[in-house]
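Enquirer: Using the hints, position chain D against chain U.
Listed here are the chains, written in short residue letters.
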Amino acid sequence: MDGWRSWFCGKLSSWGPPLTPDQLIALSILSPAVGALAIALIGRNNDAGYNPRDIVTVIATLITFGFVVKLAGPVVAGDRPELSLFEVLPGLAIAFKIEPLGMLFALVASGLWIPTSIYSFGYMRGHHERHQTRFFVCFAIAISAALGIAFARNLLTLFLFYELLTFSTYPLVTHAGSGKAVKAGRSYLGILIFTSVSFLLLAIVWTWQTTGTLEFRPGGIVSGHFESSRAILLLALFVFGTGKAALMPFHRWLPAAMVAPTPVSALLHAVAVVKAGVFTVLKIIVYVFGIEFLTDGNYALWLCYVAGFTLIAASLVALTKDNLKARLAYSTISQLSYIVLGAALATKTSIVGGGMHIVMHAAGKITLFFCAGAIMVASHKTEISDMKGIGRQMPFTMFAFFIASLSIIGLPPLGGAWSKWYLILGALDAQQFLMVGVLIVSSLLNIAYLLPIVVNAFFFPTTEVEIGGGIKEAPIACVASLLVTAFSCLILFLYPDFFLNLAQMIGEF
Amino acid sequence: MMEQLPALQVVLPLFSALLCLLIRNKTASRLFAVAVSWGCLAIALILLRTVQETGIISYHFGGWFPPLGIEYRIDLLNAYVLIIVAMISAVVLPFGVGHWGLSIPEGREYLFFCAFLLCISGLLGITITGDAFNVFVFLEITSLSSYALIAMGRNRRALRAAFTYLVMGTVGGTFILIGIGMMYLETGTLNMVDIANRLPLAYGSRTVLVAFAFLTVGVGIKLAVFPLHHWLPNAYSYAPATVSAFLAATATKVSYYVLVRVIFTLFGAAYIFETLRFHVLLIPLSLLAMFIGSTVAIYQTNIKRLLAYSSISQIGYMTLGLSFASINGLTGGLVHLFNHALMKGGLFLVLASVMHSIASNEIDDMRGLGRKMPFTMAAFVLGGLSLIGVPGTVGFISKWYLVVAALEKGWYPIAVLILLSSFLAVIYIWRVVEIFFFREPAAEKSIKEAPLSMLIPTWILIGGTLFFGLQTEWTAGVAGSVANFLLGGLP
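Note that the protein sequences, when read in sequence, are chains U and D.
What the first sequence shows, in this note's numbering, is residues 1253 to 1761, in sequence order.
What the second sequence shows, in this note's numbering, is residues 2 to 492, in sequence order.
By construction, these hints were calculated from the structure, which means they are not laboratory data.
Note that the structure is a prediction, hence the values are computed from the model and not measured.
Some hints here could point you the wrong way.
Unchecked claim - Using 30 Å as the maximum straight-line C-alpha spacing, the simulated BS3-like pairs for lysine-lysine come out as follows:
id, chain 1, residue 1, chain 2, residue 2
1, U, 1432, D, 373
2, U, 1435, D, 373
3, U, 1322, U, 1349
4, U, 1432, U, 1640
5, U, 1435, D, 449
6, U, 1322, U, 1432
7, U, 1432, D, 449
Unchecked claim - The following label-pair restraints were derived from C-beta to C-beta distances:
id, chain 1, residue 1, chain 2, residue 2, range
8, D, 201, U, 1275, 56 to 62 Å
9, U, 1275, D, 107, 35 to 41 Å
10, U, 1286, D, 228, 48 to 54 Å
11, D, 379, U, 1469, 37 to 43 Å
12, D, 100, U, 1469, 53 to 59 Å
13, D, 475, U, 1464, 21 to 27 Å
14, U, 1430, D, 16, 55 to 61 Å
15, U, 1557, D, 474, 43 to 49 Å
16, D, 271, U, 1286, 53 to 59 Å
Glycine residues also receive a C-beta, built at the ideal position from the N, C-alpha and C atoms.
Bound-form chain U, shown alone (with noise of 0.2 Å):
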């Protein structure tokens, strides 16, 4: 197994032009910039026939996976590899460093660029968007701003990319440019600004102000200068500031935003932006605060409670729900939590299980959004209710959704067994035996609100005359993404290897 491992990670670092790290870095966060500055020369006003800039957004998405596969292989032989660009303000540089954390999620965010990409083109035809050159733009843009944060090895670094990323995602939630998107719009940006600001930003200055650096480091910086309420406090600030993570009562954009285009909400919404959120969390305990101070003075016991109430109680709005999307966002603020939770817990375990189901959750998820989206081209359907039968319609579709489902309720042989099994393992190393149980709980209401759908699909007749009948899937491009992406649950399960040895190596830094 370890001549295999070396060989991979040779393999991963050594194809390719000959780059430094440091190159690399920059080039990895580049070059969706430049990648979005193509597009917007390039884009015609084209929205519905060949337009050249979906040859440049696939070219960009490909260069810029590839440049994070790159960096992969030292990362995972032990390297760190940094870049220091300038000092903003005396001590405070913008710089980057790369830990097992930052690189396992920026390999989900530039690789699930790729399908979504692919995805967004027949999607966005399909579905007669408007604006598209502007689409793509921002999307990029997002992509270089998931990239930094996940990178960065300051404090003030995350937070100017966070930021930028709630700013370059705000025109694709807007994107319909409707009475609604704007309101949507108004409260993704409102609560995501006001939660940073009020408090990620006031947390940030006061560890600054009282420990004199703002460096992620190993065992964290806080201990021995923050202690019992004041250590409480300024890890509310933290978990609450991260509006991205979408904890409870901060989780009200989510939902809205789900205005956007489905590649958004799919990508964005499932993967970058949340796991942009939930990855700051992880990565403030783990490197801020440090897993031993926490345990130590069980200053994150009330977080595991609000994240156990995060999960179950997104799980019980998610049944409640009638449309696709509302349930799928609702789902998504529920399985955040149990990344929170991972991190909240605080052992060894817990975080690999947090770190996993950043993997595991997005793989899922995504096909999850793909195929709402699917089913919105296709037949314009919304509704859950009116999807009875419409598994004979789109079959492929609703495999795919099958396979993502089992994925997130966590059932063998899929990824998401994997990210559950390291969380209960770590709820029980914590001897919380109460999360225990909210984990399995919120795993029996996964299958209440996902496995309906399915059920619906296949089991019932259609509630309408079909004229016709027959197959009528979504556009080619769509249908093959969401199966790539559902594979990829299957595969994640058969050989989580590479993402478990990156996620068990969180924390050396």
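Expert: Relative to the frame of chain U, chain D by itself:
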């Protein structure tokens, strides 16, 4: 030549203003004014460099030694403010070269440029001089020329706005004069260095106290400190577009400079903050300004008024920074001078372009303008983000220093309030951004993107808000050394 630069800094625009009257041709006088403003910027840059290299410059006007003669005394603080004034005028004057009309009254162009140059020279004069009475003289030059500039606005209400400003400004100017007189009474000198040396002997006297009160209220009116801000919204909204940009970016900044000078150089921070406990008054007023200014801004229907109220709240940030009387706080206040000049200058220039295109600054008339004038309105969004204080923009840098200063004093509620007030900025900026980008345009009028001669100056300032949001060595770095220099006496 080089040693005469401090005099030239003021004399050049002063005499050029008169030359404008002789030129009379509108294009020639405009180009002449632009050239003069660039010359001023060059002088200011050289002066800053000289101060950084060789220390304080003391220039004796006409060779008369102080206290008999007038001394121009340039340290880091006023070199820094000179740059702000010169930079903004060098960007605002060329704005819209080749286009006439809406922002400049027809037939009176040369008068406009004459008043403009007088205003520049007054502002530079206030900043550069080391003589208290001289401050008053230049203050009057500035005020008189800016009344004239505001009154040139197209709307008839500009006259009323100018008149209100005239009354308020005269009250302010008189208060300052009384304050200076009383200081002269106590110390027998008008030279600032001498006053600073002699005042400590008279700290107990009531005259000094009253002098300080008159000075603060007088400067407070000019600075539009809450609740003395009444004149500002009308003056900014009805002035010609470029005048609003220029005054918003410089006039209040220079008044702030005078306040800093009075507190930190003349009276001494120890006396003001430890004996008089001035911050007990100034902090609540600053916080009120921040919240009331922003809240009122939310409800405006005219975009220029909106920005004017936003200015009142931003002035609150500056005075708040000053009242911390700490290195970080003062750095935050001073760096916000520069930063706010950039963003407000840029934003008002955007409105000048809009005025040029649609002849209105009502928010309702600007519906859907984001599609018609994408580059102009993109500049508005970026300037707005800077007002909010998004990281990567200059607004973030100012806010950072202020919050650090609040936390380091242990004033946690103030830190929270600073951050909450930036959320109000999100509301008033985003409300109009939604209107600019998502509403359908009012009519099928052919609205075109602003010409390059307007876009370039706008984007220089807006680009500056981004550049100096990441590169802070020249802004926060200088402001930091100024704060160190001013607080040398305090621990």
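Enquirer: Hint by hint, work out which the structure violates, then give me just those numbers in ascending order.
Expert: 6 and 9
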